[in-house]
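Listed below are the residues making up each chain.
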Amino acid sequence: MLVLSRREEESIIIDDTIEIKIVGIRQDQVKIGIIAPKNVKIFRKEVYQEIQEANKASAVSSLPFDDLKNVLKKDKKTEGGQS
Amino acid sequence: METIKTKAYGEIQVDPASQITFKREILGFEGLTKYYLIEMGDLPNFYWLQSAEEPELAFVVVNPRLFVENYKLVMDEIDWGLLEISENDEVIDLAIVNIPENIHNMTMNLLGPIVINATKRIAIQGISMNNAYGTKVPLFTKELSPTNT
Numbered sequence: 001m002l003v004l005s006r007r008e009e010e011s012i013i014i015d016d017t018i019e020i021k022i023v024g025i026r027q028d029q030v031k032i033g034i035i036a037p038k039n040v041k042i043f044r045k046e047v048y049q050e051i052q053e054a055n056k057a058s059a060v061s062s063l064p065f066d067d068l069k070n071v072l073k074k075d076k077k078t079e080g081g082q083s
Numbered sequence: 084m085e086t087i088k089t090k091a092y093g094e095i096q097v098d099p100a101s102q103i104t105f106k107r108e109i110l111g112f113e114g115l116t117k118y119y120l121i122e123m124g125d126l127p128n129f130y131w132l133q134s135a136e137e138p139e140l141a142f143v144v145v146n147p148r149l150f151v152e153n154y155k156l157v158m159d160e161i162d163w164g165l166l167e168i169s170e171n172d173e174v175i176d177l178a179i180v181n182i183p184e185n186i187h188n189m190t191m192n193l194l195g196p197i198v199i200n201a202t203k204r205i206a207i208q209g210i211s212m213n214n215a216y217g218t219k220v221p222l223f224t225k226e227l228s229p230t231n232t
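The listed protein sequences derive, respectively, from chains A and B.
Residue numbers 1 to 83, in the numbering used here, belong to the letters of the first sequence in order.
Residue numbers 84 to 232, in the numbering used here, belong to the letters of the second sequence in order.
Keep in mind that the hints were calculated from the coordinates and are not lab data.
Because the structure is a prediction, the values reported are computed rather than measured.
Be aware that a few hints might be false.
What the hints assert, rightly or not - Per the computed footprint, the stretches of chain B lying under chain A, defined by three or more beta-carbons under 8 angstroms from a beta-carbon of chain A, are:
1) 110–119
2) 141–151
3) 165–177
4) 188–197
5) 207–221
Unchecked claim - Straight-line Cα separation of at most 30 angstroms, DSS-like style, residue types lysine-lysine; simulated pairs:
6) Lys117(B) with Lys41(A)
7) Lys90(B) with Lys56(A)
8) Lys155(B) with Lys69(A)
9) Lys69(A) with Lys88(B)
10) Lys45(A) with Lys31(A)
11) Lys203(B) with Lys21(A)
12) Lys45(A) with Lys106(B)
13) Lys90(B) with Lys38(A)
14) Lys41(A) with Lys88(B)
15) Lys38(A) with Lys155(B)
16) Lys38(A) with Lys88(B)
17) Lys88(B) with Lys45(A)
18) Lys106(B) with Lys38(A)
19) Lys117(B) with Lys56(A)
20) Lys155(B) with Lys45(A)
21) Lys21(A) with Lys219(B)
22) Lys106(B) with Lys41(A)
23) Lys155(B) with Lys41(A)
24) Lys219(B) with Lys155(B)
In this text, a Cβ means the ideal position worked out from N, Cα and C, and glycines have one as well.
Could you put the whole structure together from the sequences, leaning on the hints where they help?
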């Protein structure tokens, strides 16, 4: 991993087109501004991790099929026919 | 027709033309791009998203609109671009369901929707731009849950 030291208001440029700027620093948090072309996808890493974890948890070992049908029936009834 | 192995039903016959190719794979299952969407016989609106490459890998998916009022799919242009949608293409979007031991507490993942260009058989797991949706949205509201009575 490349590690660079930057001060507030300083930037780094990646691949000529992406600018990452240190907008603010306070105690344990750094505010980062990103200027990038529209086709560059930017998300907090946690978003990916969260989706990945949810996917793995959902790759279930088995489906309690009959239980599921009963729950759905009950739910439909409680909703009063709303579809 | 072609015979494939499935997690839920063992060997079944599928039309190879109905195979779906993921342009962006399901996160955590990179490298697996071929899936079939299989209807659950007597459970309407629920489907299996069955890997064509890994028989033991299958997800339960559902139309989120059945459980969340006014659900809107919001994705960025990059995600939409991957789906190569032309004018008359049919687009289907689904949510992966998580089924815990107590199935009354089932949730669905609205942060990472499964979006399919059904006409071109192309799919992605998108990333929702709607911050209100998380990965664990209950299918049944607490008031309706029989366990809460």
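Results of checking the hints against the structure:
1. Counting residues of the segment 110–119 of chain B whose beta-carbon sits less than 8 angstroms from any beta-carbon of chain A gives 3, enough to reach three: the coverage restraint holds.
2. Coverage of a stretch by a chain is defined here by at least three residues with a beta carbon nearer than 8 angstroms to that chain's beta carbons; for the segment 141–151 of chain B and chain A the count is 4, and the condition holds.
3. Coverage of the segment 165–177 of chain B by chain A is violated [criterion: at least 3 residues with CB-CB distance below 8 angstroms; count 0].
4. Given a C-beta distance limit of less than 8 angstroms, the hint that chain A covers the segment 188–197 of chain B holds, as 4 residues qualify and 3 suffice.
5. Counting residues of the segment 207–221 of chain B whose CB falls under 8 angstroms from any CB of chain A gives 5; the rule of at least 3 is met.
6. Between Lys117(B) and Lys41(A) the alpha-carbon distance is near 24 angstroms, which keeps this suggested pair within the 30 angstroms criterion.
7. Under the criterion of a C-alpha separation no larger than 30 angstroms, the hint pairing Lys90(B) with Lys56(A) is consistent with the structure, at around 15 angstroms.
8. At roughly 26 angstroms between alpha-carbon atoms, Lys155(B) and Lys69(A) fall within 30 angstroms of each other, so this suggested pair holds.
9. Distance check on the hinted pair: Lys69(A) and Lys88(B) sit about 24 angstroms apart at the alpha-carbon level, within 30 angstroms; holds.
10. A hinted pair counts as satisfied when its Cα atoms are at most 30 angstroms apart, and Lys45(A) with Lys31(A) qualifies at roughly 15 angstroms.
11. At most 30 angstroms may separate the alpha-carbon atoms for a hinted pair to count; Lys203(B) and Lys21(A) exceed this at roughly 41 angstroms.
12. With a CA separation close to 20 angstroms, the supplied pair Lys45(A) and Lys106(B) stays within the 30 angstroms bound.
13. Simply put, Lys90(B) and Lys38(A) have alpha-carbon atoms about 40 angstroms apart, too far for the 30 angstroms limit, and the pair is violated.
14. For the proposed pair Lys41(A) and Lys88(B), the alpha carbon gap of about 36 angstroms is over 30 angstroms, so the pair is violated.
15. Taking the CA atoms of Lys38(A) and Lys155(B), the gap is near 22 angstroms; set against the 30 angstroms cutoff, the hint holds.
16. A hinted pair counts as satisfied when its Cα atoms are at most 30 angstroms apart, and Lys38(A) with Lys88(B) does not qualify at roughly 41 angstroms.
17. Our distance criterion of 30 angstroms between C-alpha atoms is broken by Lys88(B) and Lys45(A), whose separation comes to about 35 angstroms.
18. Between the alpha carbons of Lys106(B) and Lys38(A) the distance comes to roughly 19 angstroms, so the proposed pair stays at or under 30 angstroms and holds.
19. With a C-alpha separation of about 17 angstroms, the suggested pairing of Lys117(B) with Lys56(A) holds against the 30 angstroms cut-off.
20. For the proposed pair Lys155(B) and Lys45(A), the alpha carbon gap of about 24 angstroms is at most 30 angstroms, so the pair holds.
21. A threshold of 30 angstroms between alpha carbons decides the hint, and for Lys21(A) with Lys219(B) the separation of about 34 angstroms lies outside it, so the pair is violated.
22. Under the criterion of a C-alpha separation no larger than 30 angstroms, the hint pairing Lys106(B) with Lys41(A) is consistent with the structure, at around 15 angstroms.
23. A threshold of 30 angstroms between alpha carbons decides the hint, and for Lys155(B) with Lys41(A) the separation of about 21 angstroms falls inside it, so the pair holds.
24. Restraint check: the Cα-Cα separation between Lys219(B) and Lys155(B) comes to about 16 angstroms, which is no more than 30 angstroms; the hinted pair holds.
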